[in-house]
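Throw the hints in and build the complete structure from the sequences for me.
Taken in sequence, the protein lines are chains A and B. What the first sequence shows, in the working numbering, is residues 8 to 199, in sequence order. What the second sequence shows, in the working numbering, is residues -7 to 187, in sequence order.
Please note: incorrect hints may appear among the correct ones.
To be verified - Straight-line C-alpha distance at most 27 Å; calculated BS3-like pairs for lysine-lysine: (1) K126/B <-> K150/B; (2) K81/B <-> K108/B; (3) K125/B <-> K86/A; (4) K126/B <-> K108/B; (5) K81/B <-> K135/A; (6) K97/B <-> K111/A; (7) K178/A <-> K148/A; (8) K181/A <-> K135/A; (9) K116/A <-> K126/B; (10) K150/B <-> K81/B; (11) K150/B <-> K125/B; (12) K116/A <-> K97/B; (13) K111/A <-> K86/A; (14) K116/A <-> K178/A; (15) K77/B <-> K135/A; (16) K135/A <-> K97/B; (17) K181/A <-> K116/A; (18) K108/B <-> K111/A; (19) K178/A <-> K135/A.
Read the hints as simulated data drawn from the structure, not as lab findings.
Chain by chain, the residues run as shown.
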Amino acid sequence: MKTSKCNLWIAGGIALVAIIFALPGRLHGQTAASKSSGGNGTSATRWSVQVDQVDRGNLDLASSFQIAIYENLVDELNKTKQFQQVFREGDHRASEVPNLLLLKTTIEKYTPGSETRRAVTTVSGATKLTVRSQLLTREGKVVFERPVTGDVRFFGSNLRATHNLAHNIAKTIKQSSWSGSGQPTAILTGQL
Amino acid sequence: MDRFVVSRSHSEAYHPDRRHALWLSTLLICCSLTAPAQKLAQLRDTSAPFSARATHLLGFANARNNSTGTLSVQDDSLQFQQNGKPGAKVKIALVRDVFLGEESKQVGGLPMTLGKTAAPFGGGRVVSLFAHKKYDTLSLEYVDVDGGIHGAIFQLAKGQGELVKNELIAQGVTISSRQDQSTKESAAEARHENK
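Written out as structure tokens, the structure reads:
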């Protein structure tokens, strides 16, 4: 009787230890499974984006700035890996892609700076750019809209502001609550 | 009497030297007049491929950003070649637009910037006042084989941008209407730089 009680205790202990060791693994497996399913779900409906040329409105912005913003945007969006493909404006292949968004960038404010003034005074001579960045569907529905700024304050040439701006736009799109799952959630406004 | 004879013979002795000097000066003047003409003839020689030293800032084919090399117009292509590396090429027929601007930049790069920062009593700031140089920026818009629009920016020595632009126009590149506007803007930016 005593031995059977002892065996029961031992079996219970082993079972407890087994449960303790097995549970985290099982939980881990569950999270991994849910993660992978979530990942698959996202990749199944991943969107592509076409970057349009920068619209400078009626502002006095040099063509080199327009070109630099456009090129840096293509680079930065590729780096985020959030979109399946990043197309340039005019690319014929974009018309064949089912889930395509258009990224429109409109210059709202431009403060020309001076590299020499920055080097001499440190506090003045910053080049600043403010743009309105919009993601639209093919039908013209706005799924993302935000003003984004980019500037160069201390070191670097004036064109560095365009790199910072493009980096901020890509970062804002990545961090926004726009899921990219195909259903436009809401129009987002705010400032970075 | 003797005195006169001596004087005459003296003048005769120096006469050929004067003549030589005259010939020499005439020759020099002629040479100085023909030298610019030769230079102009060299510039207008269309058979030789046009080339200029340039810094590629971004966007041109698969060339590395902020790399220095030679920008040249060869046959039907615009080529940028870094020293000892294969060149990046874009067909001139695919170039849609060319914009010219100018920019003032600090010279010396990172080492100079560090040196200026380390200089005591704000000496670096004084150096910065004089250590800047004006450059031409040449911006291009071209399309790839899929029709996608690309942009490229080159930085050239002052005056070289105009030459490259003229060469591209001569090769058949059309300039859009916004060209004039952008040139004015670049000039405004340059004025701001000079303030």
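Against the structure, the hints come out as follows:
1. K126/B <-> K150/B: Distance ~6 Å between K126/B and K150/B Cα, so the pair holds.
2. K81/B <-> K108/B: violated (38 Å)
3. K125/B <-> K86/A: violated (34 Å)
4. K126/B <-> K108/B: Holds, at about 20 Å.
5. K81/B <-> K135/A: violated (33 Å)
6. K97/B <-> K111/A: Given pair K97/B, K111/A is violated - Cα atoms ~30 Å apart, limit 27 Å.
7. K178/A <-> K148/A: holds (22 Å)
8. K181/A <-> K135/A: It holds: about 22 Å lies between the C-alpha atoms, which stays within 27 Å.
9. K116/A <-> K126/B: holds (25 Å)
10. K150/B <-> K81/B: holds (24 Å)
11. K150/B <-> K125/B: holds (9 Å)
12. K116/A <-> K97/B: holds (23 Å)
13. K111/A <-> K86/A: holds (18 Å)
14. K116/A <-> K178/A: holds (20 Å)
15. K77/B <-> K135/A: violated (36 Å)
16. K135/A <-> K97/B: holds (17 Å)
17. K181/A <-> K116/A: holds (23 Å)
18. K108/B <-> K111/A: violated (41 Å)
19. K178/A <-> K135/A: The hint holds at about 18 Å.
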